[in-house]
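A.B. asks: The task is simple: from the sequences and hints, build the whole structure.
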Amino acid sequence: MTMTDPIGDFISRIKNAVLAKHETINLPYSKLRESLAEILKKEGYLTALVIDSTRQFPELVLTLKYINKQAAVTDVRRMSKPGRRLYVAANQIPRALGGYGVTILSTNKGVLTDSDARKLNVGGELLCQIW
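Its first residue numbered 926, the sequence shown is counted upward by one per residue in my numbering.
Just to be clear, a hint being listed does not mean it is correct.
In the BS3-like style, the derived pairs of lysine-lysine whose C-alpha atoms are separated by at most 27 Å in a straight line are [as the list claims (entries may be wrong)]: (1) K1006 <-> K956; (2) K1044 <-> K946; (3) K966 <-> K1034; (4) K967 <-> K1006; (5) K946 <-> K967; (6) K1034 <-> K956; (7) K940 <-> K956; (8) K994 <-> K956; (9) K940 <-> K990; (10) K1034 <-> K946; (11) K994 <-> K1044; (12) K967 <-> K990; (13) K966 <-> K940; (14) K946 <-> K966; (15) K967 <-> K956; (16) K994 <-> K1034; (17) K1006 <-> K966; (18) K1044 <-> K967; (19) K967 <-> K1034; (20) K990 <-> K966; (21) K966 <-> K994; (22) K956 <-> K990; (23) K1044 <-> K1034; (24) K1044 <-> K956; (25) K966 <-> K956; (26) K1034 <-> K1006; (27) K994 <-> K967.
Label-pair ranges, simulated between beta-carbon atoms [stated by the list, open to error]: (28) L957 <-> D1000: 17 to 25 Å; (29) R1009 <-> E948: 31 to 39 Å; (30) K1006 <-> N941: 13 to 21 Å; (31) T972 <-> L1022: 15 to 23 Å; (32) R938 <-> L1022: 32 to 40 Å; (33) R980 <-> G1024: 38 to 46 Å; (34) S1040 <-> E959: 16 to 24 Å.
Calculated directly from the structure, the hints in this document are not laboratory data. Everything numeric in this text was worked out from a predicted model, so none of it was measured. Where is the CB? At the ideal position from N, CA and C, for every residue including glycine.
C.D. replies: In structure tokens, the structure reads:
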């Protein structure tokens, strides 16, 4: 079966793992998912990111970060969807939760956080917000 929204699947797997208090998540590998996971690790929402290529189809193994048994991820919200894409200019990039969260964009410079996109003065497609 083909997947129509791989980013939505990525987000829902993270949300479900947090609600079920799982430590690790296994995802099918793609470059987009890997770059999203690298941003989450850099921002402190994940403790580890491993690419398991021992199987026929490679997988991403993400380890969620917990602080005093509380997940670092409170919520993840999908912004641009397959039915309605959201594009913004560099001066219109929204802040997630007034700056406490992270907005992730897909730009011509790659997948970036909102602060990195502002520094590079590039806009793009709003993928998701996490806090």
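A.B. asks: For each hint, tell me whether it holds in the structure or not.
C.D. replies: How the hints compare with the structure:
1. K1006 <-> K956: Holds, because 19 Å separates the two Cα atoms, which is no more than 27 Å.
2. K1044 <-> K946: 35 Å, violated
3. K966 <-> K1034: It holds: about 19 Å lies between the C-alpha atoms, which stays within 27 Å.
4. K967 <-> K1006: With a Cα-Cα distance of about 24 Å, the restraint between K967 and K1006 holds, given a limit of 27 Å.
5. K946 <-> K967: Holds, at roughly 21 Å.
6. K1034 <-> K956: 14 Å, holds
7. K940 <-> K956: The hint holds at about 21 Å.
8. K994 <-> K956: At roughly 30 Å apart (the allowed maximum being 27 Å), K956 and K994 break the hint.
9. K940 <-> K990: 13 Å, holds
10. K1034 <-> K946: It is violated: about 34 Å lies between the C-alpha atoms, which goes past 27 Å.
11. K994 <-> K1044: 34 Å, violated
12. K967 <-> K990: 12 Å, holds
13. K966 <-> K940: 16 Å, holds
14. K946 <-> K966: 18 Å, holds
15. K967 <-> K956: Within the cut-off at roughly 16 Å; holds.
16. K994 <-> K1034: Distance of about 36 Å is beyond 27 Å: violated.
17. K1006 <-> K966: Judged against 27 Å, a Cα distance of about 23 Å means the pair holds.
18. K1044 <-> K967: 17 Å, holds
19. K967 <-> K1034: The hint holds at about 17 Å.
20. K990 <-> K966: At roughly 9 Å apart (the allowed maximum being 27 Å), K966 and K990 satisfy the hint.
21. K966 <-> K994: 18 Å, holds
22. K956 <-> K990: 22 Å, holds
23. K1044 <-> K1034: 12 Å, holds
24. K1044 <-> K956: The given pair, whose Cα atoms are some 23 Å apart, holds under the 27 Å limit.
25. K966 <-> K956: With a Cα-Cα distance of about 15 Å, the restraint between K966 and K956 holds, given a limit of 27 Å.
26. K1034 <-> K1006: Cα-Cα ~21 Å, so holds.
27. K994 <-> K967: 20 Å, holds
28. L957 <-> D1000: 17 to 25 Å: Once the Cβ atoms are compared, 21 Å apart, the range 17 to 25 Å for D1000 and L957 holds.
29. R1009 <-> E948: 31 to 39 Å: About 34 Å separates the Cβ atoms of R1009 and E948, which means 31 to 39 Å holds.
30. K1006 <-> N941: 13 to 21 Å: 19 Å, holds
31. T972 <-> L1022: 15 to 23 Å: Holds - the Cβ-Cβ distance for T972 and L1022, about 22 Å, lies within 15 to 23 Å.
32. R938 <-> L1022: 32 to 40 Å: Check failed, 22 Å falls outside 32 to 40 Å.
33. R980 <-> G1024: 38 to 46 Å: 40 Å, holds
34. S1040 <-> E959: 16 to 24 Å: 20 Å, holds
Of the numbered hints stated above, those contradicted by the structure are hints 2, 8, 10, 11, 16 and 32, listed in ascending order.
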